[in-house]
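Novice: So the sequence lines, in the order shown, correspond to chains A and B. Following the numbering used here, the numbering of the first sequence begins with 1 at its first residue and continues without gaps. Following the numbering used here, the numbering of the second sequence begins with 1001 at its first residue and continues without gaps.
Possibly wrong hints are sitting among the right ones.
[Unchecked claim] Cross-link-like lysine to aspartate or glutamate pairs, in silico, EDC-like; alpha carbons within 16 Å at most: (1) B/LYS1020 x A/ASP93; (2) A/LYS19 x B/ASP1376; (3) A/LYS169 x A/ASP196; (4) B/LYS1020 x A/GLU92; (5) B/LYS1111 x B/ASP1022.
Since the hints were derived computationally from the structure, they do not count as laboratory data.
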Amino acid sequence: MDADLAIDVTGLNKHFGDKHAVRDLSLQVRRGEIFGFLGPNGSGKTTSIRILCGLLRPDSGRGTCLGYDILNEAASIKREVGYMTQRFSLWEDLTIRENLEFIARMYGMEDHRQAVASALDNLGLTGRQDQLAGTLSGGWKQRLSLAACMLHRPRLLLLDEPTAGVDPKARRDFWEEINELAAGGITVLVSTHYMDEAERCHRLAYLAYGRLLASGTSREVVDAQSLTGFEVSGPDLILYARSLRGLEGVDQVTAFGETLHVIGRDARALQATAERMAGGGVHRWTRIRPGLEDVFIGLMESAEDNYR
Amino acid sequence: MRLSWSRWYGIIVKEFIQLKRDRLTFGMIVGIPILQLILFGYAINTDPKHLPTAVLLGDSSLYGRTVLQGLKNSEYFRIDRVAASAADVEELIAHGEVQFAVTIPEDFGRKLARGDRPTLLIEADATDPSATGNAIAALSGVLRTSLSRDLQGTLGRLIPPADPVDVRIHRRYNPEAVTANNIVPGLLGTILTMTMILMTGLAMTRERERGTFENLLATPALPVEVMTGKIVPYIMIGLIQVTLLLAAALLIFGVPMLGSAALLYLSVFIFIAANLTLGITFSSIARNQLQAMQMTFFFFLPSILLSGFMFPFRGMPEWAQWVGTVLPLTHFLRLVRGIMLKGNTFPALWPDIWPIVLFTFAVIGIGLAVYRRTLD
Ligand SMILES: Nc1ncnc2c1ncn2[C@@H]1O[C@H](COP(=O)(O)OP(=O)(O)OP(=O)(O)O)[C@@H](O)[C@H]1O
Ligand SMILES: [Mg+2]
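The shape of chain B in the complex, shown without the other chains (with noise of 0.2 Å):
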């Protein structure tokens, strides 16, 4: 049978009525943003290790791989890639890769030698400043233990009673460590997780309680219309959701906005579509909206918690991560991180929107196999 916008139209039109009508679904949209701004408002601070980290090596000197070697020692910097120019540098830090980039100059070792106090320039991924806070405070006292050892054997007479080195510390996009720049970000992917899922959820399981369900499995419309077109109006309290929250992002928490604003809401679009195929998917699996609703909740945790958004990505141990790596709040995050305080453009956002777009086209396949066709 063939797709009709007729009825379509009609579902769509039907889900805005009932929505308009329904007091508590809008009393949830309103309620939920707020109640979260109030629980999340605080931040969260862990002691993250091993974060991923360049280097820029200029100095192929015992001093420069010395310094390394402390930087490993430390337990809070694991060095894995190795920039070949401070543009590389650039990108890594911008995409995401790693959160620290460290250059060591070409004269570091023969400034060192002669007691200049070289310069170490370490560039840091601040946008979750929770991550980044315990690793840069514990830097200097890493690099004088390592370095004295060096000192002492060849040069001894040159250790300086302060630090030998001149450590410049560069916090990228975030550079005053507000927490609220990437607190708000991250209610913005929670909310609309939350609700998004919770709304769509009830959907189907709404009909079945109430009997409508039958009559509307009795009419022509096809499990795909009628489970998009449940979507829409959703679609449309999600912008809005959004729009609130940007708002209040913007101009009470004064969060920066670097990116375009047309990308933002791309992100908001998918990530919201998102989580709609899943609602409607629990939606169809559940009994009952209590099912729907304890279903919800299951995804709700892991979403929270193994996102990035409670506790730093890269604080997690990799199973964690690679449960995070497939939810669509991982990589919202990311997102909206990146165009709000990086203002990165589509190529720098693409590794992270294909994912959720993935993700949604898996659980429409899912929920259509799912789908009641009869009332059995």
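Here chain A stands alone, though its shape is the one from the complex (with noise of 0.2 Å):
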């Protein structure tokens, strides 16, 4: 066992009756380092989070968390894994301070009163302390099970879309504090669907239909594919891209805004049609390196021809 590998599992499978939600995923994360869980909506995500925390047995496949046997050790991971939950998961009934205060019980924490204080102060919730959680909207919902998740001080975080609902200056602040908490040592390994957040993580894996199809720094997910992409700007762009789809070489052409994006894996194909189109015509095209998005927007539509 590596000492400096925060989870290390292999093999692991999960089927939901005939549902394989998870298939073969091996994953390393190094300790101090912000993962990022990337996948299309029922790519196994979350059901990959369960496993590694013990909530979820594994139908096959072993490995370790923060040292820890998964299948049999798995009262010792959870006491020092904060995992925050896709839903929110805390008692809609209690109040935000009844919440934090039950949290750090089951924790046995010693200087919970003063944990407690801490977390709502962070949180700014402090004025807010006896409001039932329930009556929180969904971004604030979203920043107490973070900071619920964190009390205990984990050595692990496991967070399930964390930023889900969450407003800009609260995504930033996250984004800080878990860098903060990574320097120090913590490993985060974090699902989300946001590109600027995979930009943000240390390594990433990409997910689709319970299989791991990339994995690695961002550059080196989005070189590995070795993709060619362009950036078309000019008037009427949603017919352009219709008139786009299909050509040679074209295999995604995706609306940015204001520009298209049109991506392709035979380079010299894609390299031709954009000198003919661009040759006759009002559009400007201009070669660019291809983005986080346009990588998973390919791999989600050959993994959709490759699996389903």
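Two chains, two separate frames, one set of hints: put the complex together.
Specialist: Have a look at this one:
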């Protein structure tokens, strides 16, 4: 076992009836790393995270989490992991303060009063501590959950879409805090659908249909796909996009605000098409480096062809 | 992993707070007793037969045996104990092992032959008047017909036109055959069964349906801490309910309280614990609140039907009595009647205490075995 790995699992499989939700998942996450977990809806992110913290038993596979066996030492894992569920799972009929106090007691924290007080302070919720958690707005619920799962100062954070529905300022604060924690040696595994967040991760993994399709730093993931990309600007982009689809070398056309991203695997064919189209028209074609999003959309579409 | 008081305390505090904010449950705690008082306030009379009877045979003459035979033939009495002394009779009745005790005095045959109308003492455990009423009503007829044959054969001339025997009936424990005396302790048991199982039955399924179970499961809390921690607040609720009902029983229905209040509360405590563990176990098995509720009713029905609450226990077929013996309510009813109406003390209560305790531990074992440690 590698002592530098906070998470080290191989060959995880999980079925729900006929559904193969996680297939042969192998994952290595280093200590102090911010690891992003990406993938379309239903790709198995939540299921994988639940297996990691002992909430689901894998059908096969093995591995360790913080050095503890995920199959036999779930109790030890739970003590040192902070898990934030995707769906709000604190008690809506308890107040903010009561929720935090309950969590603190569950982890047997000795200084729980102080921990709760400082968590409330960090959240800026001290003034509303007696409000029922169920009456918070969606974003505030997210922030409360996050505070609750970090309360006992875990060594590993498993965050399932922690920033879904959170406003930009709070999101930035959140990432600042995550970065600080990671610098302090805490490992963070975070699932997200936001590309800007994916870019902020040290490394990331992309799942589709329960399979790990790509992993590495965001640069590695992009480079590994060796895609060619063009950015197109000009009038009537919607119509123009329609005319581009199906042309030689064009694999995907995606609208990005005022521009189109045209991406292809075959660099030469796409180059030729680009020159032809740019030559005779009012549209401007610029060569770009494809981003993560372009890569993920490509991965998703090819995964659909292969595994559906 | 070791048990932690801090976690256990945390769970108890949480349950108390949630209970405090749950108006519906609070309504149930008050509403169900009232509803049941109205529903079951009326007595249900039936006609049980083959009631266990002890005899103290002071006179071994022909007449004594004829009387016994006559009692047997009536089908109301089943003579299965022969008592050696009056103290023996006392004990059999106090422990509820027999419903009746027949004492045939020494000079029974002699007096009868002389035409002196000897005394025949019949003691009846009348805590449940519906069980004994018909048997007692049938008694004098039974005696007259059976004795008349003997008396005609040998001493025909002596048959008096009226009853040959002076039958003395002692209704023990509930001399006026007041139904409320039986119904009210019974209500105590059924209300506790109903509310305790239902409330804890919903406890785990509620967590699961609201999604909070995932959070609870992600913490290091142990199954036994969660299960028992969730039970504690309801024990208090149960004790409050009991106090309310007892006050009503004593003040409104005038039910006597002959035994010790401490013993009564001990019985109540054991009984509540049995029901709560059952509820929490149902709650671990059930997938949702509806299933938990169905399980509760599935258990509640035999409890009221077969425990001796609705129908006299001895009037039930044997298989039903077997089922009834497993149910905590059966024993609880005997305990409460024993304490309130008979003033029984611990030795007499023990035979009905240990079955409830055994039941509780068996159910905790099952509950821990089926407790979901994962989300699978
Ligand atoms: N308890 C369950 N029972 C049955 N099927 C399940 C269960 N949990 C998940 N699944 C299925 O497993 C697959 C993976 O689900 P999972 O929740 O892990 O996806 P996800 O990547 O987290 O998706 P999202 O981005 O929408 O949160 C889905 O097809 C889902 O329907
Ligand atoms: Mg998910």
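Novice: Any of the earlier hints contradicted here, and which numbers?
Specialist: Those not satisfied come down to hint 5.
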